[in-house]
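The chain contents come next:
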Amino acid sequence: MHFSPWTILGSLALALPAGAAPLTGGGPVVLRASSAETVANGTLEHAVILVEDGVITAVGEDLPVERGIPIIDLPPGWVVMPGLINPYSRVAMDGKGKSDSRPQAQASVELYASHDDYQDLLEAGFTTLGQYPAGTGIPGQAVALNLGPDGPSVALDPAYLKIVLNASSSSKRMLRDGFEEVDEYLEKEAKNREKWDKEQEKKKKSKKKDDDDEKDDKKDDDEKEEDKKKDSEPDVYVPLVPDPEVQVFMHLRDGTLSALVSIDNAAEYLHLVDAIGEEEFAWGLRVPLTRDINLYEVTDKIGERGLRVVVEPSLTLHPGTMRQRNLSSELARAGAKLCFIPRFDSVSGHEDLLLHAAEIVAAGLERGAALRALTLEPAELLGLGEGRGSIEEGKRADLIFLDGDPFEVGTKVRAVMLDGEFVTGEVPQ
Amino acid sequence: MRSKWIRQTALGLGLVSLFSLPVTAQPLYTSVDDDDEEEEEADSEEDSPEWFAVVGADIHDGRGGVLRGASLLAKDGKIEEIGYDLVLPEETEVLDASGYRVYPGLVAVKSSGLFGGSTDLEDSVDPFNQDMVLALAAGITTAEQSNQAAKLKRGEIEGLVMNPKTSSSISFRSSDPKGKRTQRERFAAAAAYLRAYRQWEEDVKKDKELKEPSKSGIDSTALAVLRAEVLPWFSADERHDLLEIARLAQEYGFRPVIEGCGEGWTVADELGRAGAYAVVTPRYRRARSENLVRAGGSSIENAAKLHAAGVQVAIQPASTGVSLGGIVGRDIMHLTIEAGFAIRGGLSEQAAFEAITIVPARLLGVAHRVGTLEVGKDCDLVVTDGDIMHYQTFVQWAVVDGKEVYDKADELFFAHIRPRPESSIAPESKVDPGEEVVEEIEEVKESAD
Amino acid sequence: MLRSLFLGLLSLVLVAPAPAFVRPADEAAPMRYALHAAKVLTMDDEDHVYTPGTVLVEDGRITWVGPGRETPEGFTGLDYPTSWITPGMVDLHTHVHTGSWGDINDMVRAINPELRTSPTIRAGNPNLKRACAAGVTTLFGIPGSGTNISGFGVLYKSKGGRGYESAVLADPGGMKVAQDSNPQRRAGDMGASRAGMGWNLEDINQRALAAIEQDRFDPALENLKRVHKRELPVLIHTAGSEGVVNTARMWRVTYDTRSVLSHGSFDGWKVASALAEIGIPINHGPRTTDWFSSRNGRINNSAGEYQRAGGPNFSLNTDSGVIPQEEFFLQGAMGARYDGDAYGMLRAMTIHPAKAFGIDDRVGSLEVGKDADVVVRAGDPLDPRAAVELVLIDGRLEYDRLRDGQRF
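These protein sequence lines map, in sequence, to chains A, B and C.
All residue numbers for the first sequence refer to the numbering used here, where the first residue is 1 and numbers rise by one.
All residue numbers for the second sequence refer to the numbering used here, where the first residue is 1 and numbers rise by one.
All residue numbers for the third sequence refer to the numbering used here, where the first residue is 1 and numbers rise by one.
In isolation and in its complexed conformation, chain A is listed as follows (with noise of 0.2 Å):
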């Protein structure tokens, strides 16, 4: 394990001085737990995590934890892993979109702090949450939140840019309208830049002409004093400001921002290939599992190029049968990054995300997909994989205690920690 002893015991020193803290305030307390999924580095057995500050400083297998440190034990069987994050959600949210291009839209402008739903999620062991902008075409930017017993934070704004995109001419052209318009803008704005360049070369030249004047010609000279002064005071350049639509595209190229595009079956996949042409920008796949879908057509394509593909745990049916697919698997064994959300986008939904997960690894997904799928891909989705979805050194301590492995039936969320914190359930000690 990425563990050296000297962590603990070197943060010791800071440790002590709080003496035996409470649960609560931010102190060091470690945690000893007969199973962690760290999600990162796999299943460690005898875990001990040790929490500084709402951080993660210290993990592995059968630490030795000096004394003065709390420790919390987690009874026997219990299982702590990273909050669970869903990075499409819509929950807690109303209102019908548009079917217009609209990319500098932001979810974030529709939140309703102070729905309950935020809580219930939170007991659930949702820790993150993405929200995106309701409507097709191009709706807007999704926002990350924090979950907190004080209602929801932003985490980051704006964490993607959502696109809808269907089989049919209009929908491909908004895409590579976007593109064409950051085009148009740059060159625009070089002739622009070319054109002060110009006035630049002119005001220099007629400036030395000036100069040249001003040795023939002494008279006026407080007036030129002034003149010269205006000259060398050095001229900058301030570029177009592009309309915030067009910066929104401006920033996917850049690769400041991310877009996640949703498409319904295997041609929409053809079809987002083709709008996106040559263009260069990170991307990721939204598909709704629906009953009879034909996405095993490109699980292929999807997977060479390793996109992250936010789907439900659902099973579907090969079309026309009753043969089941576990689409989620084909996408993993092909290369694919899965993120699981809820089949249904309610609280209830949320309550049983695990067990539909647990379905899909019952019928065949590898255990750590379907792990990532919950947590680290999903933060990484967000842009927040530096900090959050896994436990890992220097990644926030949102952690949630499971009275059991994840994926068996029954086990449920009986506590949750946010940045180090208790902020729902209990762990009996």
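Worth flagging that the hints you see were computed from the coordinates, not collected in a lab.
The reader is advised that the hints may include incorrect statements.
Unchecked claim - No farther apart than 27 Å at their CA atoms in a straight line, the calculated lysine-lysine pairs in the DSSO-like style are these:
# : chain 1 : residue 1 : chain 2 : residue 2
1 : B       : K403      : A       : K301
2 : B       : K75       : A       : K301
3 : B       : K377      : B       : K78
Stated by the list, open to error - Computed far set for chain B versus chain A, every beta-carbon distance over 10 Å:
# : residue
4 : N129
5 : R239
6 : G386
7 : D410
Glycine residues also receive a C-beta, built at the ideal position from the N, C-alpha and C atoms.
Could you slot chains B and C onto chain A? The hints should help.
For chains B and C alone, kept in the frame of chain A given last:
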């Protein structure tokens, strides 16, 4: 995406050629940086064509010729050679069709739903669409949809549309006399414009200042039809409508396409003289008016009589989409069955086959690419386990642009149906004459002696 | 004398297509015909096929069938050296007797055992003319499936010109019952559900049995009584795997009737072997394949599945005009295409329906003593390309392609 795919394929090919090179050969790649390497690979891709061949089959070229046990070679989707003892390049993808028959892929002069999507096929096609698979299973490799001609290129959207506008529909029927008059006026105006334009073309050589005649008020469709840029598509069944269309066509010198053409057999000669194309459904039924003295109504002999009079006949089924409702034999999956009914009515087997291949290809403006198997044309073909017009024959493989797009054994629909020898309904004669019969036969023999 | 000389000449030109000029335009009396063809499919129990073969017809009956022979004296020889001869086809589920759609459902009451289709028959209507020209010679013209018991149908032949009496084989020919979705009532009375429809039928059957028991005359029940006395067959519209099982149970197990299960569509084929065991004949169509309901990804050939299940007297139908009456043969062709047995499909349109309805003493095969319903085709009777050349019904020349022009 596309370029990446090509690169990967190229890499594969590159490796193969590396291994097949003699050791003494100079290395293909020296130390080059990545970008250069990619370029070089892309180049080698361009240099190595894709070869495809069907071997050992009875090849029916669609023009009446049959080559028994022959082979067909295609390069980059185009037919390179048809014949015997072909030299196949090493990397040729070979489909062994020994004992099977090869035909040009069928052409559906009208279809609905095969490509999914909406009016703009290029941007809306669903090339994974189940109906497309079923149409390929029925032997169709090219079809019209939403006035566009397209290929049943499974799993691909590029190069699917062959002709973005196949015809212009023109309403010309006796139930709308005003509309008829308008049409006639449009053609008259367009014809007058064309005359003026041709005159101008001559005159402008002498007088460069002369103004081009104005196009304003000229119906673009009528003009396109008169310029033979687009086929005018009429829909008519009644005898007098058909006659009027024939006259209109002769008056203005264009070739009409007449869909339906139910009573066409009663005016076949007139339609033949007008150079008409007929799009017929041989099983179409139209009651003959009881108080009609002359011939009328539908006739099973319609296609045969039209063809005999020189009309180019294309056949379409009663339902132009795929129907999985359980009633079989009437939809686009049974195009050959529909053509069989034309044969029943007296059309020759060859003409009936052309009515579902080259004639519709002409109507769709794609006859230079599909409809027959000829060198230089697209490698769009089907491999069947028997006479394609026989009711028990199945398509085993379908090939579009030199790529296998349908394999019966790989699809759930018909994989359970094993290839069968061409069956006869009562293969064995069971002659078991009783005593009395034997006697009678003896009598007959004696009398014959 | 002159005629026999004529016939002598005719036999010399055997290879020529049948000349029409020897045939009287309209026969005052039934004639004696000797039909010669390349192949004669008798469809008898021993599956006799004669190549070539001859069929002799006298006084409306078949008097001889066997290997090719010369035309006996006194017979008009009709030579088709490349054609095939089969018995006329028998379709047990048809609605074209009215001449058009409609006039087949009386919807006021759910149970109508007193109704008969005989007043609605238009003998020789254009549909029947085309049917005849396609070799369909015997039809069971029945009311629709709008009600649970829609009445009694007529068994008749596709003859034209000589009126109703000449065409009818049996009136009533049998009863029509409808179960499953179509007859479900939306009028607010009993029969909105399968339970209600079940009771409607139960109730009327019990009343008919009681009338038999008490030897009581009831004008509305007289024909239904004959069904329960096994004097008349009953054809039951039903479909789907649940529907067909219910039907077989009611009409074969609960009531021992001469019942024939009609349609059996959708995924009904899945219980084909159970139906075969119960022993109820299936009269399948107009749907002969299923993709939607069976959900195994296949285009399931329900016709082939019933055929393979080996139940008694499997037959096909058109439910005409759902499928045009003249395309009856195509039902067999499609059954054969999608993996059924071609010869079995021909049986399903000739001798099997005749046996299922107990009229095999008259029609369904070419055997001595049976009605001379004979069809000459250019080839394989299942092949759409093979046009019908000649049709005799009851020994009369009802259709001759050369004389009448090709009707189909």
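Hints, one by one, checked against the model:
1. B:K403 x A:K301: At roughly 19 Å apart (the allowed maximum being 27 Å), K301 (chain A) and K403 (chain B) satisfy the hint.
2. B:K75 x A:K301: 26 Å, holds
3. B:K377 x B:K78: 6 Å, holds
4. N129: Not fine: 7 Å to the nearest Cβ puts N129 (chain B) too close to chain A.
5. R239: About 42 Å separates R239 (chain B) from the closest Cβ of chain A, which puts it past 10 Å; holds.
6. G386: 27 Å, holds
7. D410: With a cut-off of 10 Å, D410 (chain B) remains clear of chain A, as the shortest Cβ separation is near 13 Å.
Hint compliance for this structure: hint 4 alone is broken.
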